[in-house]
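Trainee: Protein sequences, first through last, are from chains A, B, C and D.
Letter by letter, the first sequence follows residues 0 to 321 in numbering that gives the first Met the number 0.
Letter by letter, the second sequence follows residues 0 to 321 in numbering that gives the first Met the number 0.
Letter by letter, the third sequence follows residues 0 to 321 in numbering that gives the first Met the number 0.
Letter by letter, the fourth sequence follows residues 0 to 321 in numbering that gives the first Met the number 0.
Hints may be right or wrong, so weigh each one.
So these bits of chain A aren't anywhere near chain D, every CB distance computed over 12 Å [stated by the list, open to error]:
| hint | residue |
| --- | --- |
| 1 | L28 |
| 2 | S35 |
| 3 | N36 |
| 4 | G50 |
| 5 | D76 |
| 6 | L147 |
| 7 | V155 |
| 8 | Q197 |
| 9 | E275 |
Between beta-carbon pairs, the in silico distance windows are [stated by the list, open to error]:
| hint | chain 1 | residue 1 | chain 2 | residue 2 | range |
| --- | --- | --- | --- | --- | --- |
| 10 | C | N150 | B | K167 | 42 to 50 Å |
| 11 | C | D58 | A | E236 | 30 to 38 Å |
| 12 | A | G165 | D | H277 | 36 to 44 Å |
| 13 | B | Q190 | A | E309 | 52 to 60 Å |
| 14 | D | A119 | A | K232 | 51 to 59 Å |
Partner residues aside, some chain B positions facing chain D, computed with beta carbon under 10 Å [what the hints assert, rightly or not]:
| hint | residue |
| --- | --- |
| 15 | H45 |
| 16 | I241 |
| 17 | A320 |
| 18 | F321 |
Simulated from the structure, these hints should not be mistaken for lab results.
Computed from a predicted structure; not experimentally measured.
C-beta atoms are modelled at their ideal positions from N, C-alpha and C, and glycine is treated no differently.
4 protein chains.
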Amino acid sequence: MIKVGIIGGAGYTAGELIRLLLNHPDVELVFVNSTSNAGNPLTAVHEGLYGETDMCFTDEMPFDAVDVLFFCTAHGDTRKFMDTHELPENLKIIDLSMDYRLKSDDHDFVYGLPELNRRAICHSKHVANPGCFATAIQLALLPLAKQLMLNDDVMVNAITGSTGAGVKPSATSHFSWRNDNISIYKPFEHQHVPEVKQSLQQLQQSFHSEIDFIPYRGSFARGIFCTVVVKNKVGIEELKRIYRDYYAEDSFVFVIDEPIDLKQVVNTNKCLIHLEKHGDKLLIVSCIDNLVKGASGTAVHNMNLLFNLEETVGLKLKPSAF
Amino acid sequence: MIKVGIIGGAGYTAGELIRLLLNHPDVELVFVNSTSNAGNPLTAVHEGLYGETDMCFTDEMPFDAVDVLFFCTAHGDTRKFMDTHELPENLKIIDLSMDYRLKSDDHDFVYGLPELNRRAICHSKHVANPGCFATAIQLALLPLAKQLMLNDDVMVNAITGSTGAGVKPSATSHFSWRNDNISIYKPFEHQHVPEVKQSLQQLQQSFHSEIDFIPYRGSFARGIFCTVVVKNKVGIEELKRIYRDYYAEDSFVFVIDEPIDLKQVVNTNKCLIHLEKHGDKLLIVSCIDNLVKGASGTAVHNMNLLFNLEETVGLKLKPSAF
Amino acid sequence: MIKVGIIGGAGYTAGELIRLLLNHPDVELVFVNSTSNAGNPLTAVHEGLYGETDMCFTDEMPFDAVDVLFFCTAHGDTRKFMDTHELPENLKIIDLSMDYRLKSDDHDFVYGLPELNRRAICHSKHVANPGCFATAIQLALLPLAKQLMLNDDVMVNAITGSTGAGVKPSATSHFSWRNDNISIYKPFEHQHVPEVKQSLQQLQQSFHSEIDFIPYRGSFARGIFCTVVVKNKVGIEELKRIYRDYYAEDSFVFVIDEPIDLKQVVNTNKCLIHLEKHGDKLLIVSCIDNLVKGASGTAVHNMNLLFNLEETVGLKLKPSAF
Amino acid sequence: MIKVGIIGGAGYTAGELIRLLLNHPDVELVFVNSTSNAGNPLTAVHEGLYGETDMCFTDEMPFDAVDVLFFCTAHGDTRKFMDTHELPENLKIIDLSMDYRLKSDDHDFVYGLPELNRRAICHSKHVANPGCFATAIQLALLPLAKQLMLNDDVMVNAITGSTGAGVKPSATSHFSWRNDNISIYKPFEHQHVPEVKQSLQQLQQSFHSEIDFIPYRGSFARGIFCTVVVKNKVGIEELKRIYRDYYAEDSFVFVIDEPIDLKQVVNTNKCLIHLEKHGDKLLIVSCIDNLVKGASGTAVHNMNLLFNLEETVGLKLKPSAF
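Let's have the full structure, built from the sequences with the hints guiding it.
Mentor: Structure, rendered in structure tokens:
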């Protein structure tokens, strides 16, 4: 059994991680750390856990009792934590914040997108889990980068559910405002663009075009639905083949001939991709569940890789569908 | 023109009041007071006002410049305000808080449900606007009380939209939680029951049964849908006649033969009522828009009465329907 | 491996059953019969199945190739089918329609509510799966009936998601109408009341009171949230103990001290129950996922019992929570 | 009083038109024609009309009794109607279908976008009301075309509410499917593109770039939220000035400095526009209510112009905001 600890246990990604790990056959959840909720049962904070666990949050961090530590901390806090704590040499770390996603000489975290870096992840100790939007966008573009086909600006429109904005209440997460509403935020300036560019350049060094990304706030709780438009002269059948080849060894990415919709993937670890050509424009649609494939599901996927488990263990989830 | 001031201008009922008053042909909105938002344009706080006003919130309260003052303050704050401010003798007041809804020797506010107290409102200076749930429940029961027919416990189930809980963010107003969800709160103990009982006893002194009221949080923003069950031996056609007679002079209450649904009244000042008999049980369904008929619409209705306007002025609203 | 066939494969309960069975470790799905969709892939009809199966609907019914047959047919159609087909002697049947829920000399179906009839189900061959509302209401009332405490009329209000109304489009399942709306249907006359009464009388022969049931259409897709009010003089702690004792051996029913909400159970096979006393009124809140615990999850549960599997196999589902 | 008849009275745009006209001070609604609903009260079909009218649908068409005829017919049916009926010489016509939107020698309909063709509409007898998406897109682009600034392909992403798809039930208008979902349809091939191009070329003859338009189905009932990206080298303040100048005489279009959201315009006849520059890309956001500004509100606007009324009469609507 893999012994697991969680730091920053009160947020949405921690909640989803707990829901996944409680049903993972090879995991023992040892502690869930949360300063603000220490002593409270997990069920008091995280929806859906009644009958599954009696565990309480703790303000302790018994590192020696665990094999892997998940950081579900706010952006910036993982780095602060690492700078101020001495961790056991062999403790594996999966960080869901954005602190270590960009390569740098001052850290050894591997960017944890299995469809890009599976082998490196398997041999690593520290994994930086990708951003949710970044996952949906990269999975839409990686096969093109692999073929060195990204030579024009890329237009991305992607809509996220409210859980992407976190548990902390705000004006734009208030039900009265968000219900039936739609809006954009940080257009052309979203913080996930740099990690997308880094990945594309890993496959296509010559990639220096713009990723023109407009993020939308959708009136649903779970999921990211993404459309990408880029110029491309190749025929649709060849493009589909390129995508299917790229993802041939991957368990969670599927290229679908029919049009797709968001609820095909909600509550699963899948990413669906659909391709269309219109004149010389290639339209790529991708969708994921932002909390699963876009966060905690990939974190478990990375854990499976770190511990040499079959990569789908604990991740074959019944779709909610409705 | 009636000159209007608003105290407590940043909340939902104030916003709705402003949206109504800006389209009221006989009103001039003079000031909207809000300490926290002083200097900000109304449009920065209240949805839907772009193109309708350039007014800003003020921290001033020029009482002498207005004919009527609306209090959209938190419960308890109107009373505090009245205790600490000297107001002009002739200034009329409409209070949307619950501070003066219950009759008492220490105040002269009239309970402002036009379908119960129209004449008294017309001759008053101070009006206590009813609660939203209280409005839906009373309109379902007043004709029975008038006929002295309330002699058993009354079972009430009523579902409210999220705007009923106010603009302040909370766990249960978070979109991620409330979307697709349903729950109850304060069952059998809601603060609106006393004003309902007071009104029923005004018409039927002998009424001393229980109002067993279960309030629900619905996954929509606007509206209250209410079912009431009470024992009754009278036939359905006679009951419908009693209801239609009771509301014959009222502009906003309609007894409908067909089953009704909430969106029939959303964004209107209407209350629809539907009656059915099942054995010796009478089922009454009522629905209103909590922000209009349940709050700011009735406040405008009361203003119309205070100033001898035709009662529907400014309140013939296009239903949103969808 | 249990070999499974499905009749009536194009509806919502069939879709959910397929989603469950594809992840059930001891099941092989042999055929899904649908006349209207014969030849089409399951993915063309049922959301969420991409990447999980390439199976197509068939118009054949190879009974000899399966161990158990699920009927996801419209009400009335199972009986017609049984009357016109010769089935293998040992073929087990789980019928999700309402055709055989009421006991009768002309059939041998056991009413398949495991919390009431576990032992009988284990020894049966033909199981009539309970109705969704009926499940939520019975689980709220069975412990009282067991204690012979149901001696007054029972008031039930229960709200269902749109999937309860089936896949066939109708005016009240149109998004434009149902979104943000709420309404009731068949008040006091819902077809699930007889099976509820039958179960209560199984435990308390003297039960002859009314079940005054108002069903609501909610603006969400999955789930049933139910409140029940009945007179009771026993203290709350004793009542909780009675409920916990009743469900002590059951894997999916949990009595929760804190208030509960619908999304605690969505996409799970759980039923949560919460109890409160107010004066001499007992309030019972229960909630289930109508497609899982209210239909296909219980069908799988019954299959597990018929085949002597541990009852939770294939039913430990990650809650969707949001 | 303008006497009004409606052909095709059972659909969504007819319903909205009726809701508007019943509150229009200068209109008398004479007849609402619907073959399928003849004899039924309007309230049996159109949500929100209880208490406002007792009128019934008719299968008659007393042309001589009306001054203007609104066609709320399915696409293709207006033309069929015109080809087979003799209409009074002076009868004005406003057609909400797409039959006459494209200029042609075989008809004399004026394209009824007041912000483009106000003067021509005032002097016309036959008006072709614009499409809903077409309205949102054109209002986002007209000022650029006026300045001859449209010299590159234009990327448009726009999300519509379910009422845009009409009252007829379909798989993608089923609540169970559409709730919390998002998807695209007819990407790059939507039928509104030709009328957009026609209008842009009216202002900028040299415009021959592509309108790459991706329409989305949103999980809300009312509204269109539209983002447009096009290359532009002019500074943001100059661009805002160009837009404000263009719309200076228009009553319903507002250029807003702050980010906008859909619910700012729901249940109103407004269009809000927000502009941002990011490098050499201009981002234009526009939003409208698809049933009001995108259909029936503009139809009333056109009627006001045809009859020389002040253009806002009957169109100052309280925003629903929530």
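Trainee: Are the hints correct? Go through all of them and say.
Mentor: A quick look at each hint next to the structure:
A cut-off of 12 Å between C-beta atoms confirms that A/L28 is not in contact with chain D; the least separation is 29 Å. A cut-off of 12 Å between C-beta atoms confirms that A/S35 is not in contact with chain D; the least separation is 30 Å. Under the 12 Å C-beta cut-off, the non-interface status given to A/N36 relative to chain D holds; the minimum distance is some 28 Å. Non-interface status of A/G50 relative to chain D is upheld: no Cβ of that chain comes within 12 Å, the nearest being about 25 Å off.
Look at A/D76: its CB is around 28 Å from the nearest CB on chain D, clear of 12 Å, so calling it non-interface holds up. The claim that A/L147 lies off the interface holds: its Cβ sits roughly 23 Å from the closest Cβ of chain D, which is beyond the 12 Å cut-off. At roughly 10 Å, the least C-beta separation between A/V155 and chain D is not larger than 12 Å, which violates its mark as non-interface. Chain D leaves A/Q197 outside its interface by the beta-carbon criterion, the shortest separation being 20 Å against a cut-off of 12 Å.
Look at A/E275: its CB is around 6 Å from the nearest CB on chain D, not clear of 12 Å, so calling it non-interface is violated. With their beta carbons about 44 Å apart, C/N150 and B/K167 fall inside the hinted range of 42 to 50 Å. In this structure the hint that C/D58 and A/E236 lie 30 to 38 Å apart at CB holds, the actual value being about 32 Å. The hint said 36 to 44 Å for the Cβ distance between A/G165 and D/H277, and at roughly 25 Å that hint is violated.
For B/Q190 and A/E309, the hinted distance range of 52 to 60 Å is satisfied, since their beta carbons lie about 56 Å from each other. Taking the beta carbon of each, D/A119 and A/K232 are about 43 Å apart, not inside 51 to 59 Å as hinted. Given hint, B/H45 at the interface with chain D, holds; its Cβ is 7 Å from that chain's nearest Cβ, closer than 10 Å. About 19 Å separates the beta-carbon of B/I241 from the nearest beta-carbon of chain D, more than 10 Å, and the hint is not met.
Nearest Cβ of chain D to the Cβ of B/A320: about 4 Å, under the 10 Å cut. The hint holds. Using the Cβ-Cβ criterion of 10 Å, the hint placing B/F321 at the interface with chain D is satisfied: the shortest such distance is roughly 4 Å.
Checked against the numbered hints given earlier, the structure breaks hints 7, 9, 12, 14 and 16 and satisfies all the rest.
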